[in-house]
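> Chain by chain, the residues:
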Amino acid sequence: MTGILLLLLGLLSNEIYAIRGARIVTLAGEPIERGTLVIRDGRISEVGPDVAVPAGAEIIEAQGLEVYPGIMDAVSQLGLAEVGAVPVTVDTVELGDFNPQIRAATAVHPASEHIPVARANGITHAVAAPAASFGIAGQASLVHLDGWTVEEMTIAPSVGMVLHWPSLETREFDSRTFELKKLKFEDVKKKYDERVEKLGEWIEDARRYARAAAADGERDLKLEALARVVRKELPLLVVADDERDIRAAVEFASARDLRMALLRGRDSWKVKDLLREKGIPVILGPTLALPATEDTPYDKPLTTASELQAAGVRVIFASFGSANSRLLPHEVGNAVAYGLPWEEGLKGITLYPAQFFGVADSLGSIEEGKTANLVVTDGDPLEINTEVRYLFINGKLVSLENKHRSLYEKYRARP
Amino acid sequence: MNRATSTLLVLAAAVAARAETVAIRGGTILTVTRGTIENGTVLIRDGKIAAVGTDVSIPTEATLIDASGQFVMPGIIDAHSHIAAESINEGSVAVSSMTGIEDVLDPTDIDIYRELAGGVTTSNVLHGSANPIGGKNAVIKHRYGKDAKGLLFEGALPGIKFAMGENPKRSRGSGPAARYPGTRMGVIDVIREAFTAARAYQKKWKEYEEKKRDGQKGLVAPRRDLELEPLVEILEGKRLVHAHCYRADEILQLLRVAEELGFRIATLQHVLEGYKVAKEIREHGAGASTFSDWWAYKMEAYDAIPYNAALMVEKGVLVSLNSDSSEEARHLNQEAAKTMKWGGLTEDQALALITINPAKQLRIDDRVGSIEVGKDADIAIFDHHPLSVYAVAQKTLVDGEVYFDRARDLERRAEIETRRKALLEKQKGESR
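Top line first, the protein sequences correspond to chains V and B.
Under my numbering, think of the first position of the first sequence as 1, with each following residue one higher.
Under my numbering, think of the first position of the second sequence as 1, with each following residue one higher.
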């Protein structure tokens with residue numbers, strides 16, 4: 001019922017909305033305990049305790065409700081992966097180790113069932129990121145989780161270059177025999193060194209290309225893309241978990257004067273001082289994870305965010321998936337349960353990723369002039385039982401309907 | 001046994017019993033079956049709950065646990081687990097009923113402890129889903145530190161794993177060499193063939209027993225068949241079937257083939273499309289044990305919805321939430337909370353999904369699953385309401401004994417770190 005109503009509201013949209021009487025958590029100063037927020041032409045045009053509702057505005061009575069900046073999934077596979085075990089529905093991993101020229105937005109499927117499912121829990125925009133087991137996976141794209149085409153969805157087609165750092169892991173899971181194979185360290189190390197050297201060569205080539213490009217050389221699409229990394233227009237999004245790998249990646253980026261974020265970062269708590277010193281933010285993987293080893297404290301994945309934050313490292317959260325993107329607020333809630341200040345947690349899925357990806361002038365907080373990506377809830381968005389009542393993406397009131405809701409209603413009505 | 005020894009034993013038992021009186025005081029008690037008690041006391045004697053309420057008198061010898069401002073709930077029961085086992089899947093044959101988890105229990109598995117730290121006290125450790133008829137289960141209590149036998153939930157009805165769909169037909173490509181079945185048709189056929197053989201085997205034994213009773217001489221007992229024996233137990237209601245399944249059609253086919261062969265499915269495991277055939281599940285009398293919100297990881301999980309548990313509850317099915325994962329098991333309380341958001345269950349209904357309902361499904365509800373006088377003192381204490389994302393488990397008791405204590409865990413970390421460093425130094429010294 002609510003869904004149909006919302007849909008109708010959306011269709012009748014006259015592009016001016018007023019959310020009235022809500023508690024507004026702007027993340028740009030103190031919350032407004034009882035205020036009004038006006039949306040006009042896709043943007044937040046006014047927000048405050050004494051804002052008048054403009055004539056002709058669609059009014060959303062929000063007494064008792066709360067307004068937050070829309071939640072951003074800073075690294076996801078939304079639109080790229082539909083059914084994990086069915087390879088033909090997955091477009092995350094390209095062949096080859098060096099694919100800086102490919103771009104996630106090319107393959108983001110606007111009709112993916114995952115998009116409205118994530119949306120229903122308050123996720124309004126997301127970075128879709130390619131992946132790899134090793135190497136330069138490609139460019140990540142920032143998209144609104146609404147739009148008829150990917151062009152309408154796209155906020156920034158390229159916001160980072162994904163690099164999966166080579167691993168020194170000597171245990172390898174053989175999916176054919178379901179057994180752990182033990183590899184010789186010397187062999188693994190040799191391959192590792194070769195890969196790191198190769199990465200270094202690519203960066204050097206890109207640097208030369210950047211210089212030569214001015215001199216009217218032949219185009220090379222791979223180097224052209226990587227040149228944006230050496231010019232620091234694009235950050236390197238480096239996926240690494242192991243302490244050794246993280247240290248090596250930080251050293252690599254820092255020696256070459258590249259901007260980077262650490263992705264996933266299972267052992268980042270062991271490297272927090274280095275990360276703070278270099279100003280490298282961490283885009284943490286799910287907090288609901290098992291400790292890396294038997295003698296690691298049982299709650300380490302839950303306390304990692306708060307340890308990093310206390311040490312002065314910027315913490316951002318991401319789902320790294322598509323089906324679980326909607327769980328992002330709960331993952332953050334768990335980090336808060338284990339010591340992360342609540343507002344830091346919330347900023348880690350709103351303001352901080354927007355700042356890191358260079359879109360904080362339009363997203364990440366509730367301020368006049370910013371894009372109206374907003375979530376209206378009946379309470380704390382990090383709490384499991386909180387319901388999303390309304391969702392605005394790019395200033396439009398978006399339906400909360402999805403595959404799950406419609407299957408529920410269909411079979412609930414089965415006699 | 002001579003008199004002196006037995007006197008000593010009685011004395012020892014008396015001493016132990018005295019030490020084992022525990023009072024959990026001052027907390028909000030979520031009994032699950034008898035409502036919520038504010039500022040109540042749970043009195044534990046000899047591992048059992050001796051009294052619950054607001055006016056419980058606490059004996060002077062009782063060990064006190066202060067739970068003021070905290071929440072006391074029954075220990076969480078995970079109806080689908082694969083922890084504490086050296087191996088899970090005997091996938092080389094289509095029927096592996098001759099195998100069992102009890103033979104490979106690993107009491108040192110750290111996951112037993114990690115799950116205690118999420119309030120879990122009982123787990124149904126199941127064989128994997130590689131075959132239509134899998135191996136036997138082991139229901140365990142999380143008595144971390146005890147040996148394999150000490151883990152076993154004494155008296156729990158034995159069970160066995162069945163599996164439908166993508167896993168037993170092994171259509172996902174990269175596995176070992178092909179093995180029948182390769183389709184959902186074959187999966188049902190394997191079950192029908194196996195129980196046809198089990199019926200014949202059961203008949204052979206019955207005839208033998210009858211002749212023996214009649215006093216016939218010179219009888220030779222039928223040869224024991226360890227594959228068919230557990231199936232006969234199923235036919236005789238002595239062994240519970242826990243069946244892995246996803247799609248509504250295969251769920252229905254399984255219920256029907258079981259009815260045809262003369263047995264019942266105790267629990268449908270995962271049962272992600274159970275909401276589509278809730279009526280048939282209820283009519284068959286099967287319980288349903290599902291995930292809160294996992295979906296789309298494979299084709300048969302594409303119609304999974306987070307409303308599944310709540311909708312099945314609404315349609316009268318006995319539902320539990322399980323983990324199937326040593327990670328997920330650490331926050332089953334949060335998984336239960338999701339059913340309030342997706343489908344509108346009440347707090348008690350949500351908590352029942354991880355306590356009394358799985359206890360009923362495993363037929364151990366006379367022992368665990370709620371805070372009631374006479375039940376085992378398996379209890380979890382959280383600092384916030386366990387259905388909140390902010391709840392952190394503080395203490396977990398099994399049989400009245402504290403097996404997890406967050407404060408103690410935190411205290412001991414420095415000591416573990418020191419020992420770790422010393423060992424690393426020692427190793428460096430040796431390799432020099």
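Everything labelled a hint here was simulated from the structure, so no lab data went into it.
This one's a predicted model, so the numbers in the text were calculated from it and none came from an experiment.
Check before you lean on any hint, since a few could be wrong.
Unchecked claim - Examples of chain V residues lying across from chain B (beta carbon under 8 angstroms, computed): (1) Glu82; (2) Val86; (3) Leu288.
Unchecked claim - Using 30 angstroms as the maximum straight-line C-alpha spacing, the simulated BS3-like pairs for lysine-lysine come out as follows: (4) Lys149/B / Lys272/V; (5) Lys360/B / Lys279/B; (6) Lys238/B / Lys211/B; (7) Lys232/V / Lys191/V; (8) Lys272/V / Lys190/V; (9) Lys279/B / Lys300/V; (10) Lys190/V / Lys426/B; (11) Lys279/B / Lys169/B; (12) Lys315/B / Lys403/V; (13) Lys182/V / Lys360/B; (14) Lys222/V / Lys198/V; (15) Lys428/B / Lys189/V; (16) Lys272/V / Lys146/B; (17) Lys189/V / Lys300/V; (18) Lys375/B / Lys238/B; (19) Lys315/B / Lys410/V; (20) Lys272/V / Lys191/V; (21) Lys181/V / Lys270/V; (22) Lys428/B / Lys270/V; (23) Lys270/V / Lys184/V; (24) Lys428/B / Lys300/V; (25) Lys181/V / Lys232/V; (26) Lys270/V / Lys403/V; (27) Lys278/V / Lys222/V; (28) Lys232/V / Lys222/V; (29) Lys181/V / Lys278/V; (30) Lys146/B / Lys190/V; (31) Lys421/B / Lys181/V; (32) Lys181/V / Lys279/B; (33) Lys149/B / Lys279/B; (34) Lys182/V / Lys298/B; (35) Lys315/B / Lys238/B; (36) Lys189/V / Lys421/B; (37) Lys184/V / Lys426/B; (38) Lys181/V / Lys315/B; (39) Lys298/B / Lys278/V; (40) Lys360/B / Lys184/V.
Ideal placement from N, C-alpha and C gives every residue a C-beta, glycine not left out.
> Take the hints in turn and mark each one as holding or not.
Results for each hint:
1. Glu82: With a minimum Cβ separation of about 7 angstroms from chain B (threshold 8 angstroms), the hint on Glu82/V holds.
2. Val86: At about 5 angstroms, which falls below the 8 angstroms cut-off, the nearest Cβ of chain B leaves the hint on Val86/V intact, so it holds.
3. Leu288: holds (6 angstroms)
4. Lys149/B / Lys272/V: violated (44 angstroms)
5. Lys360/B / Lys279/B: Status holds; Cα separation ~19 angstroms.
6. Lys238/B / Lys211/B: Holds, at about 24 angstroms.
7. Lys232/V / Lys191/V: holds (28 angstroms)
8. Lys272/V / Lys190/V: holds (28 angstroms)
9. Lys279/B / Lys300/V: violated (43 angstroms)
10. Lys190/V / Lys426/B: holds (28 angstroms)
11. Lys279/B / Lys169/B: Satisfied, since the Cα-Cα distance of roughly 27 angstroms is no more than 30 angstroms.
12. Lys315/B / Lys403/V: Roughly 21 angstroms between the alpha carbons, so the hint for Lys315/B and Lys403/V holds.
13. Lys182/V / Lys360/B: Between Lys182/V and Lys360/B the Cα gap is close to 44 angstroms, so the pair fails against 30 angstroms, i.e. violated.
14. Lys222/V / Lys198/V: holds (14 angstroms)
15. Lys428/B / Lys189/V: Within the cut-off at roughly 21 angstroms; holds.
16. Lys272/V / Lys146/B: With a Cα-Cα distance of about 38 angstroms, the restraint between Lys272/V and Lys146/B is violated, given a limit of 30 angstroms.
17. Lys189/V / Lys300/V: holds (28 angstroms)
18. Lys375/B / Lys238/B: holds (23 angstroms)
19. Lys315/B / Lys410/V: Holds, at about 14 angstroms.
20. Lys272/V / Lys191/V: At roughly 28 angstroms apart (the allowed maximum being 30 angstroms), Lys191/V and Lys272/V satisfy the hint.
21. Lys181/V / Lys270/V: Holds: Lys181/V and Lys270/V sit about 27 angstroms apart, inside 30 angstroms.
22. Lys428/B / Lys270/V: With Cα atoms ~21 angstroms apart, Lys428/B and Lys270/V stay inside 30 angstroms; holds.
23. Lys270/V / Lys184/V: holds (26 angstroms)
24. Lys428/B / Lys300/V: holds (26 angstroms)
25. Lys181/V / Lys232/V: violated (39 angstroms)
26. Lys270/V / Lys403/V: violated (42 angstroms)
27. Lys278/V / Lys222/V: With a Cα-Cα distance of about 28 angstroms, the restraint between Lys278/V and Lys222/V holds, given a limit of 30 angstroms.
28. Lys232/V / Lys222/V: Cα-Cα ~16 angstroms, so holds.
29. Lys181/V / Lys278/V: Distance of about 36 angstroms is beyond 30 angstroms: violated.
30. Lys146/B / Lys190/V: Roughly 44 angstroms between the alpha carbons, so the hint for Lys146/B and Lys190/V is violated.
31. Lys421/B / Lys181/V: holds (28 angstroms)
32. Lys181/V / Lys279/B: violated (47 angstroms)
33. Lys149/B / Lys279/B: It is violated: about 40 angstroms lies between the C-alpha atoms, which goes past 30 angstroms.
34. Lys182/V / Lys298/B: holds (29 angstroms)
35. Lys315/B / Lys238/B: Holds. Lys315/B to Lys238/B sits at ~28 angstroms (cutoff 30 angstroms).
36. Lys189/V / Lys421/B: Cα-Cα ~25 angstroms, so holds.
37. Lys184/V / Lys426/B: Holds, at about 24 angstroms.
38. Lys181/V / Lys315/B: Measuring from Cα to Cα gives roughly 48 angstroms; hence the hint is violated.
39. Lys298/B / Lys278/V: Violated, because 41 angstroms separates the two Cα atoms, which is more than 30 angstroms.
40. Lys360/B / Lys184/V: Distance of about 50 angstroms is beyond 30 angstroms: violated.
The structure shown violates the earlier hints numbered 4, 9, 13, 16, 25, 26, 29, 30, 32, 33, 38, 39 and 40.
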